[in-house]
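**Q** Sequence:
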Amino acid sequence: FQMAAAGNWCLIESDPGVFTEMIKGFGVKGIEVEELLALDPSFYGEMEPIHGLIFLFKWKEDVAHPSGTPQPNGCFFTQQVISNACATQALVNIILNIEGAEQKHIELGKTLTEFKEFCGEFDPSSRGLCLSNSEEIRTVHNSFSRQQLFELDIKGGKEEENYHFVGYLPVGGKIFELDGLQEHPHVVGEVTEGVNWMDTVTPVIQQRIQRYSDGEIHFNLMAVVGDKKEKCLRRLEEIANSGMETEDVAAEVCELQQMISDHEEKTKKHQMENIRRRHNYLPLIVDILRVLAKEEKLVPLVEQAIEKQEKKRKTREESEKSKAKV
1 FQMAAAGNWC LIESDPGVFT EMIKGFGVKG IEVEELLALD PSFYGEMEPI
51 HGLIFLFKWK EDVAHPSGTP QPNGCFFTQQ VISNACATQA LVNIILNIEG
101 AEQKHIELGK TLTEFKEFCG EFDPSSRGLC LSNSEEIRTV HNSFSRQQLF
151 ELDIKGGKEE ENYHFVGYLP VGGKIFELDG LQEHPHVVGE VTEGVNWMDT
201 VTPVIQQRIQ RYSDGEIHFN LMAVVGDKKE KCLRRLEEIA NSGMETEDVA
251 AEVCELQQMI SDHEEKTKKH QMENIRRRHN YLPLIVDILR VLAKEEKLVP
301 LVEQAIEKQE KKRKTREESE KSKAKV
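As numbered in the UniProt record's numbering, residues 1 to 326 make up the sequence shown, in order.
The hints are simulated quantities; they were obtained by calculation from the structure and are not laboratory data. Check each hint, because a few of them may be wrong.
Below, computed lysine-lysine pairings styled on PhoX-like, alpha-carbon distance capped at 25 angstroms [as the list claims (entries may be wrong)]:
| no. | residue 1 | residue 2 |
| --- | --- | --- |
| 1 | Lys228 | Lys104 |
| 2 | Lys321 | Lys297 |
| 3 | Lys24 | Lys110 |
| 4 | Lys29 | Lys231 |
| 5 | Lys294 | Lys312 |
Here are the computed distance ranges between Cβ atoms for each label pair [as the list claims (entries may be wrong)]:
| no. | residue 1 | residue 2 | range |
| --- | --- | --- | --- |
| 6 | Thr139 | His105 | 55 to 61 angstroms |
| 7 | Leu282 | Ile209 | 55 to 61 angstroms |
| 8 | Glu247 | Glu135 | 52 to 58 angstroms |
| 9 | Ser126 | Glu255 | 45 to 51 angstroms |
| 10 | Leu282 | Glu317 | 29 to 35 angstroms |
| 11 | Phe43 | Glu320 | 31 to 37 angstroms |
| 12 | Cys254 | Asp40 | 23 to 29 angstroms |
| 13 | Lys312 | Ser125 | 30 to 36 angstroms |
| 14 | Leu11 | Asn73 | 28 to 34 angstroms |
| 15 | Glu265 | Glu296 | 28 to 34 angstroms |
Yeah, the Cβ is synthetic: ideal placement off N, Cα and C, and Gly gets one too.
Please build the complete structure, drawing on both the sequences and the hints.
**A** Here is the structure:
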């Protein structure tokens, strides 16, 4: 386990393709991340097993207080001690707490295994320092940074909005909210026999969303789930070993093969999107601007763009005035 200076951590886009590739970058096998578009059993039931949730929201101090009650020693918890590390911190907290029957299908890999062994007896803040100083973990995280030729410092501009990641998962019969900005994990519910833990945590997340004003906040919810392709391959192996050759079995085999094909296509799509995220488009943009300027087309295009923006601004102001009168 290599330690280095904390260094800088880049901002990471809240996207399942990014988080899934981060998981692979850590050397973890058997899990992936899916976007959860609805907190509805008919929707998330198809994603089982769901090991944990990653909830992204715009952080506001007056409404960012945690849910539930603190429980210091309930699970493995890493506190966030450096800016922009909350995405990786939330993901690592979930991965290192996965338990249950599906755990046998998951390999932590060398990086996270050594990290957990090294700081397992530390307090949450010290674990956070270890995570921040982990050369391997930070390298994977920062592999999603966008390269830039220059930085713009616009004075008087709108204050930057801060977004934060929080994790939810079942551990030891309890459901925890893992917020790296808090000192301890918080218990938000109990795991009841015969009841899906997702049914219990759904109201907790909905209540958290309701703390914010309507239309003011953007949220994103992702689920850490079992690797769907590996799950299908295991089922195909079970069918092959059973020796059963009925029409129902043949239909299931076709369905499983199609699911594997769909998963492979989705993986390719995520990989292409991640390549685009990492690519530095600024040299191309600068060259295009140079060509437009040389052909004396740049200034007219800028003037047209300013004119369009001014029209949009006036239309928006008139619309707001009309709503105010109503």
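**Q** Taking the hints in turn, state whether each one holds.
**A** We went through each hint and held it up to the structure:
no.: 1; hint: Lys228 - Lys104; result: holds, 15 angstroms
no.: 2; hint: Lys321 - Lys297; result: violated, 37 angstroms
no.: 3; hint: Lys24 - Lys110; result: holds, 12 angstroms
no.: 4; hint: Lys29 - Lys231; result: holds, 12 angstroms
no.: 5; hint: Lys294 - Lys312; result: violated, 29 angstroms
no.: 6; hint: Thr139 - His105: 55 to 61 angstroms; result: violated, 27 angstroms
no.: 7; hint: Leu282 - Ile209: 55 to 61 angstroms; result: violated, 36 angstroms
no.: 8; hint: Glu247 - Glu135: 52 to 58 angstroms; result: holds, 55 angstroms
no.: 9; hint: Ser126 - Glu255: 45 to 51 angstroms; result: holds, 48 angstroms
no.: 10; hint: Leu282 - Glu317: 29 to 35 angstroms; result: holds, 33 angstroms
no.: 11; hint: Phe43 - Glu320: 31 to 37 angstroms; result: holds, 35 angstroms
no.: 12; hint: Cys254 - Asp40: 23 to 29 angstroms; result: holds, 28 angstroms
no.: 13; hint: Lys312 - Ser125: 30 to 36 angstroms; result: violated, 47 angstroms
no.: 14; hint: Leu11 - Asn73: 28 to 34 angstroms; result: holds, 32 angstroms
no.: 15; hint: Glu265 - Glu296: 28 to 34 angstroms; result: violated, 45 angstroms
The structure does not agree with the numbered hints 2, 5, 6, 7, 13, 15 stated previously, though it agrees with the rest.
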